[in-house]
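Given the coordinates of chain S, work out where chain C should sit on it, guided by the hints.
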Amino acid sequence: MRRGIAATALVATLSLAATACGGDSDSGESGEKKGSGELSGTVTFWDTSNEAEKAFFKKTAEGFEKEHPKVDVKYVSVPFGEASNKFKNAAGGGSGAPDVMRTEVAWVADFASLGYLAPLDDTAAVDNKDDYLDQAWGSTQFEGKTYGVPQVIDTLALFYNKDLLKKAGVEVPESVEDIKNSTKKFQGEDVTPFYMRGDDPYWFLPFLYGEGGDMVDAEAKKITIDDGAGAKAFETIQDLVDSKAATTDTTDGWENMQKSFKDGKVAMMLNGPWAIEDTLAGKEFKGNEDNLGVAPVPAGSEAQGAPQGGHNLSVYAGSKNLDASYEFAKYMSSAEVQKATTEELSLLPTRTSVYDEQTVKDNTMVQFFKPAVDKAVERPWIAEGNSLFEPIRVQLADVLTGKTEPEAAADKIGEEYAKLLKDGDWK
Amino acid sequence: MAVETGRSVAPAAGGDARGRGRGTGGAPGKTPGPLRRALATHWYAWAMVAPVVTVIGVIIGYPLVRGIYLSLTDADEANVARTIGVNEIDATYEFVGLDNYQAILTDGVFWDRLGWTVLWTVGCVSITFLLGLVLASMLNRKVRGRTVYRMALILPWGIPAFVSVFAWRMLYNEKNGILNQLLAGGGIDGIPWLGDPTWAKISVIAVNVWLGVPFMLVAMLGAMQGIPGELLEAAEMDGANAWQRFRNVVLPGIRSVSSTVILLSTIWTFNMFPVIFLLTRGGPGDSTEILVTYAYRLSFLVSPRDFASSAAWGVLILLLLSAFAVVYRRSLRKQGEVW
Chain S
1 MRRGIAATAL VATLSLAATA CGGDSDSGES GEKKGSGELS GTVTFWDTSN EAEKAFFKKT
61 AEGFEKEHPK VDVKYVSVPF GEASNKFKNA AGGGSGAPDV MRTEVAWVAD FASLGYLAPL
121 DDTAAVDNKD DYLDQAWGST QFEGKTYGVP QVIDTLALFY NKDLLKKAGV EVPESVEDIK
181 NSTKKFQGED VTPFYMRGDD PYWFLPFLYG EGGDMVDAEA KKITIDDGAG AKAFETIQDL
241 VDSKAATTDT TDGWENMQKS FKDGKVAMML NGPWAIEDTL AGKEFKGNED NLGVAPVPAG
301 SEAQGAPQGG HNLSVYAGSK NLDASYEFAK YMSSAEVQKA TTEELSLLPT RTSVYDEQTV
361 KDNTMVQFFK PAVDKAVERP WIAEGNSLFE PIRVQLADVL TGKTEPEAAA DKIGEEYAKL
421 LKDGDWK
Chain C
1001 MAVETGRSVA PAAGGDARGR GRGTGGAPGK TPGPLRRALA THWYAWAMVA PVVTVIGVII
1061 GYPLVRGIYL SLTDADEANV ARTIGVNEID ATYEFVGLDN YQAILTDGVF WDRLGWTVLW
1121 TVGCVSITFL LGLVLASMLN RKVRGRTVYR MALILPWGIP AFVSVFAWRM LYNEKNGILN
1181 QLLAGGGIDG IPWLGDPTWA KISVIAVNVW LGVPFMLVAM LGAMQGIPGE LLEAAEMDGA
1241 NAWQRFRNVV LPGIRSVSST VILLSTIWTF NMFPVIFLLT RGGPGDSTEI LVTYAYRLSF
1301 LVSPRDFASS AAWGVLILLL LSAFAVVYRR SLRKQGEVW
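From first to last, the protein sequence lines stand for chains S and C. The first sequence begins at 1 in the numbering used here and counts up by one. The second sequence begins at 1001 in the numbering used here and counts up by one.
Just so you know, these hints were derived from the structure itself, not from any lab. Note that the Cβ used here is the ideal one computed from N, Cα and C, for glycine as well. There's no promise every hint is true.
[Said to hold, decoys possible] Derived list of chain C stretches under chain S, where covered just means 3 residues or more per stretch with a C-beta under 8 Å from a C-beta of chain S:
| # | stretch |
| --- | --- |
| 1 | 1164 to 1174 |
| 2 | 1277 to 1284 |
[What the hints assert, rightly or not] Cross-link-like lysine-lysine pairs, in silico, BS3-like; alpha carbons within 25 Å at most:
| # | chain 1 | residue 1 | chain 2 | residue 2 |
| --- | --- | --- | --- | --- |
| 3 | C | Lys1175 | S | Lys265 |
| 4 | S | Lys244 | C | Lys1175 |
| 5 | C | Lys1175 | S | Lys162 |
[Stated by the list, open to error] Computed from the model, here is a short list of chain C residues facing chain S with C-beta under 7 Å:
| # | residue |
| --- | --- |
| 6 | Glu1077 |
| 7 | Ala1081 |
| 8 | Ile1084 |
| 9 | Asn1087 |
| 10 | Ile1089 |
| 11 | Ala1091 |
| 12 | Asp1189 |
| 13 | Gly1190 |
| 14 | Leu1194 |
| 15 | Pro1197 |
| 16 | Phe1300 |
| 17 | Ser1303 |
The following block holds chain S by itself, in its conformation from the complex (with noise of 0.2 Å):
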């Protein structure tokens, strides 16, 4: 153990050396590594990317075996939507947490405020950490310290289906006001201009975001989604369904928005980076990937704006084997893998230094998302942040279904909210 201490040390101090030279030193430091490095173990890692991205990040977190040959990854692939809950029973219960977990952007100050992650300053799994993008960074802090290091960050944008747009001769919407008025030039086409996500609150954030409004104001620590904005936001979607112009659903949202795009029953949705991949083997855009256009989401009244999300990578405060799972984190953030990535999944990177890299500047997916997520709503990065969905995914199907108005709906979720940060001076 000590001696595994030392070696996490000297490897800390070897990488911290070789960012000060401040050159590009990958094939040199490595190198260093092999001197000292003595890892070995297992390092289990839960991986929540989707059906069409898994096999890559298992080919790519398996590859950390070749360069540690004595340490033994194990990848498990967990659905993202059961990840938060799995983790949350391993590591509250003390058995079965992994050693390395793939973050969303806003588990992080949920997981570290309960004592679950590793602090990461000062060990090897921060790597050069000027190199990271400002935004990305941010979601990695809690209470002054650090407990993931950024894996990928993304943002909403609007995906369309270029054909469909262009026989209904209907231009790419800036506004949620020209979807609904492209909805009669669709009519003869059979398609429906727009797909509402119903079921998931991340995707009612660019309608908020729309009205000039968001959820907290955590600076000022003030509930603001009941300001006004929310309801407003409440009315554009409930207006968008009831004129035809997009088609919802409150169950199987994504499954049903992603076959009925891919299918061209609908020309238009909001997605990100991550739904790339899977969406280009549809239909209607497997061998035509031209077809697939992405465009910034739609602004509302007030504004024009889309979350910023992305996975940050984090490790189990509870694991056995710190040293390479440090050592793991740091080579799933290193620039290789997040180019590597890049170039398979069109997924952006979270180093500045990997935009300048050939093949990542010629990704038009890239020159669409980075000016998006450069202008992305930073979300508040605070514990309760993951909590915030919640009160959303109710009410946004309530007024879907007609059975709350905009208005009650958007003062509901501020009650909920009001209960949720009850501790400090929240007003």
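Chain C in isolation, oriented as in the chain S frame:
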């Protein structure tokens, strides 16, 4: 059994005193006390049940007591004791008395959920019971291919519940499900099976009925076959028609089985977590959320997980079901049923 338990209590106290007496050098050769006599006669019985009592105590008693205790505190994921690697975090939750219960009972959420849970239970049990009864009477005759029918009707029981529920979820899918495609073929607009509060309620009940009928069927069929054929023959000789025979011979004949089955089925349905959770997750909104799925939400889906409130919900559910069982049993006893 009851007799033995009753006897053991008194000797246990006496035995204690005896033990002390022996410690101070009690006279040997005294006539054996009641404990020793009880032990001498029944020691093997106690030895036999000891493992069961221990196991039940550990797997039911301890969690129950612990749950009740937690429901009187403000424990949540952030303040319970836990050891995570090198982090050792001490428990900081406090005893708050009945605050949780007061909060739950004065909040509309509990009463809303209770209303729907009762509706769901009554709906599921009554429909399941009626269908089971009808199907059992149909199968309780000599029909060609009876075995095939029986197999087919019992099949849903053989499939793991979650598999059935997922299959139903696909059937119900509003955009791509078979049910709506059939309707579309008939020129009818698709129904938002799980997307509309009322339809979602109907849909979850339908699935639970589908899952529950085989059990009812088997139980009812068994009970019906236990009715002596002579009774039915005699009734027929007396000129009773089929309905009269069913009403006056079959129904009374299966009553003891059916009352038990209804009680069991009510308790199961009241706590039928998988159907609701896997089919709708309590949605749309919270319209199909029953008491247990809500308790699950508190202790597993919110962050930090609210163990105390969830435990309080659990205790309330237990109280409701116990109250129901007592009332039900009493009403049966009034009808002369010994249960």
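Structure-based check of all given hints:
Figure legend: the stretch 1164 to 1174 of chain C, annotated as covered by chain S; annotation consistent (3 residues with Cβ-Cβ distances under 8 Å, at least 3 required). For a cut-off of 8 Å, the count of residues in the stretch 1277 to 1284 of chain C with a CB near a CB of chain S stands at 4, and the three-residue condition holds. Straight-line distance between C-alpha atoms of Lys1175 (chain C) and Lys265 (chain S) comes to about 11 Å, which keeps the hinted pair within the 25 Å bound. A hinted pair counts as satisfied when its Cα atoms are at most 25 Å apart, and Lys244 (chain S) with Lys1175 (chain C) qualifies at roughly 15 Å.
Note on Lys1175 (chain C) and Lys162 (chain S): the hinted pairing holds, with a Cα-Cα distance of about 23 Å set against a maximum of 25 Å. At its closest, the beta carbon of Glu1077 (chain C) sits 6 Å from a beta carbon of chain S; the interface hint therefore holds under the 7 Å criterion. Below 7 Å, beta-carbon pairs count as interface contacts, and Ala1081 (chain C) has none with chain S, the closest being about 11 Å; its hint is therefore violated. Interface restraint check for Ile1084 (chain C): the shortest CB-CB distance to chain S comes to about 4 Å, inside 7 Å, so the restraint holds.
Restraint check, Asn1087 (chain C) versus chain S: the minimum CB separation of about 5 Å is within 7 Å; hint holds. Interface hint status for Ile1089 (chain C): upheld, as the beta-carbon distance to the closest one in chain S is roughly 5 Å, under 7 Å. Because the beta carbon of Ala1091 (chain C) sits about 13 Å from the nearest beta carbon in chain S, more than 7 Å, this interface hint is broken. The beta carbon of Asp1189 (chain C) comes no nearer than 13 Å to any beta carbon in chain S, farther than 7 Å, and the hint placing it at the interface is violated.
Residue-level restraint check for Gly1190 (chain C) is violated (minimum Cβ-Cβ distance to chain S is 11 Å; threshold 7 Å). Hint status for Leu1194 (chain C): holds, given a least beta-carbon distance of 5 Å to chain S, under 7 Å. The beta carbon of Pro1197 (chain C) is positioned within 7 Å of a beta carbon in chain S (closest approach about 6 Å), and the interface hint is therefore held. Given hint, Phe1300 (chain C) at the interface with chain S, holds; its Cβ is 6 Å from that chain's nearest Cβ, closer than 7 Å.
With 7 Å as the threshold, the beta carbon of Ser1303 (chain C) comes within range of chain S, its nearest partner Cβ sitting at about 5 Å, so the hint holds.
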